[in-house]
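*Asks:* Below are the chains, spelled out letter by letter.
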Amino acid sequence: MRVPFRVGFEQRGETPRRLSLLVPLASVFAALFFGALFLVATGHSPIDTYSNMFQDGFASFNGITDTLALSTVLICTGISAAFAFQMNLYNIGGEGQLYLGLIGGAWAGIALGDHLPTLLMVPVVLLCGALAGAAWIFVPAFVRSRLGTSEIVSTLLLTYIGASLIKHVIYTPGSFFRNPNTSFPQGRLVADSASLDSFGSSRLYPTFFLALIIAVALYWVVKRTEFGYRINVIADSPKAAHYAGINANRTTIWVMLISGALSGLAGAMLIVGPYGKIEPSIITLGYGYAGIVVAALARNNLGLIIVSGILFSGLRVGGNNLQVTTDTPIHIGVMLQGAILLFALGGEAFRRYRIHVVRVHDVSTKKVAV
Amino acid sequence: MNENIWVLMSGDAIAIATTLILAALGALFTERSGVLNLGIEGILLTSAISSFLAADASGSVWLGLIVGSSIGALLASIHAALSVAFRANQIVAGLALVIFGTGLANFLGKPAEGKTVATVIKPLTFGPLSDIPIIGPIVFGQDIITYLAIALAIVASRYLFSTRPGLELRATGDDPATVDAQGLSVARIRIRYTMFGGALVGLGGSWLMLAQSAGWHQAATTNGLGWIALALVVFAGWRPMRIIFGAVLFGFTLQLPFTLQAEQITFIPSAFLEMLPYLATLITLIALSRPGSRNLLGAPRALGTPFVRDER
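For the record, the sequence lines run as chains A and B.
Per this note's numbering, the very first residue in the first sequence carries number 1; after that it's consecutive.
Per this note's numbering, the very first residue in the second sequence carries number 1; after that it's consecutive.
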């Protein structure tokens, strides 16, 4: 088959600012449009579905506070993913590290709870969760830096192992993490000193501000510190980094450990916040995977992750309520996440390249700049 | 009785290996062309539910298999478009496909929840051959797709290493610039094999649904098989014949918990048995790694990198 034109890609020297904003926005709208086609095809009303989602995700007191509450977790898993991604390290096991954060946090909350005041206890729980998350990524980080084992597959396999672990600690009779007072298997509540209060009647916890502070602080670390400089050099050119005497192995391990710790922290935030115990349903929620989408949509920019994290949370919160208000399956929310990311990736090409269509056999090549 | 259960287990291990062989072969063809498709898990899930719905509506398992494979190719074409035409980051594109596929599958699967497959793929019988003790049920007790999967692996091996198109495919994954200089279209080859790979993965997912599962269990239907398949390709050093061996090996670890449970061997916690296949995959993966081992293992040299002809 001969086509009468050829599509040319021309690398842009510098991306126009308007495109940096336009492309993510356009991909959200394209995904929503695609989702609408799908809803129509399966006999649902897209207008009702979307207006319900918007209403429940952004446009009511409960909606907006629930959205910010969920974004607390997604911002953490988002920076966890982005922090590693920016160095071309694909930690996609944030999901599993989050499970371990839940276990680590719950352990501290139960075992140490009666010995420490809240002021100390909450930071200890968060720290234990972060450490557990970092521990869960230690083996992948170590073998990645020493042997070159693909961290993509290893971190992911560990997620499945982590899910089994969550089930094990909750469903095994007599388990430390299981509530001993009920026959129905559920998590044992952490001590009162390890629980924060939510704001007023909302389900939003102060951990939200901690997530914001961490995002901004890490943004600063990457842009302004020597550690961040090393990350950038290795990401741009491992060879140049080598000649500059940068120890890439050590940086690889540290970046991955920090990434694991951030996902673990997200799990521990659920312990001091809304859960207060290990909730086995966590393994069906995919907050860790959502972090990957949040990171990719923000193009690994740690500051922009706050925006994409909140946007995505709204989508999830709105989607979750759909089941209650309409008969549309809630999975439309997850599907839209994937679709937005796919469109964003396609849109990336317009941001990076000047794309023009060149007619073949035509002397006056007609350029259609996009 | 003790012997029977182990024979049964071996048969089941080979049966489970079918999905792994098909999915890993699909990933192998894709990766041999230089495209890394991490979206296998999403393709497996979506094709599984599509095949269920098609078989349920039409009453024909074969139509189910065809629909499942087509959906597999269709989803893979999204990946091909993004990674070949748009030169997107293939890792992120694959992950996006997993998320999209999982959501799509669960969305489509809503009406299928709680239903069982009405028509299933039945094992073939070879008359007296199937009655031979031990060997009979293991070798002659499988269904047609299992035999097809093994045959496909053998044919794929011949195709890759002894035919001209196979050579072109390998060259595209190793050294696309040379293929381009030969006047062949790198993009066309990559798109073609990515879609073909997706169809194979789709066949694996449909078979899993129609021959193995009793019904739709959302993401637990595939439960990470797609990721195991990806690790299997590394394990097999991108060689089809070794995939058969690896798939049966992993089939055993996947089947072991059920057999031990049936035998009421309970001194090993069930959670540990559940972890076993993933743990085994992880350990194998690490054991196969050496510093700078990617080329040594036989990974296509241009895997995951978009081909850009010097345009300026």
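Careful: at least some of the hints might be erroneous.
[What the hints assert, rightly or not] In the DSBU-like style, the derived pairs of lysine-lysine whose C-alpha atoms are separated by at most 35 Å in a straight line are: (1) A:K167 x B:K115; (2) B:K122 x A:K167; (3) B:K122 x B:K110; (4) A:K223 x A:K239; (5) B:K122 x A:K223.
Simulated from the structure, these hints should not be mistaken for laboratory data.
Computed from a predicted structure; not experimentally measured.
*Asks:* Hint by hint, which ones does this structure get wrong, listed from lowest number up?
*Replies:* 5
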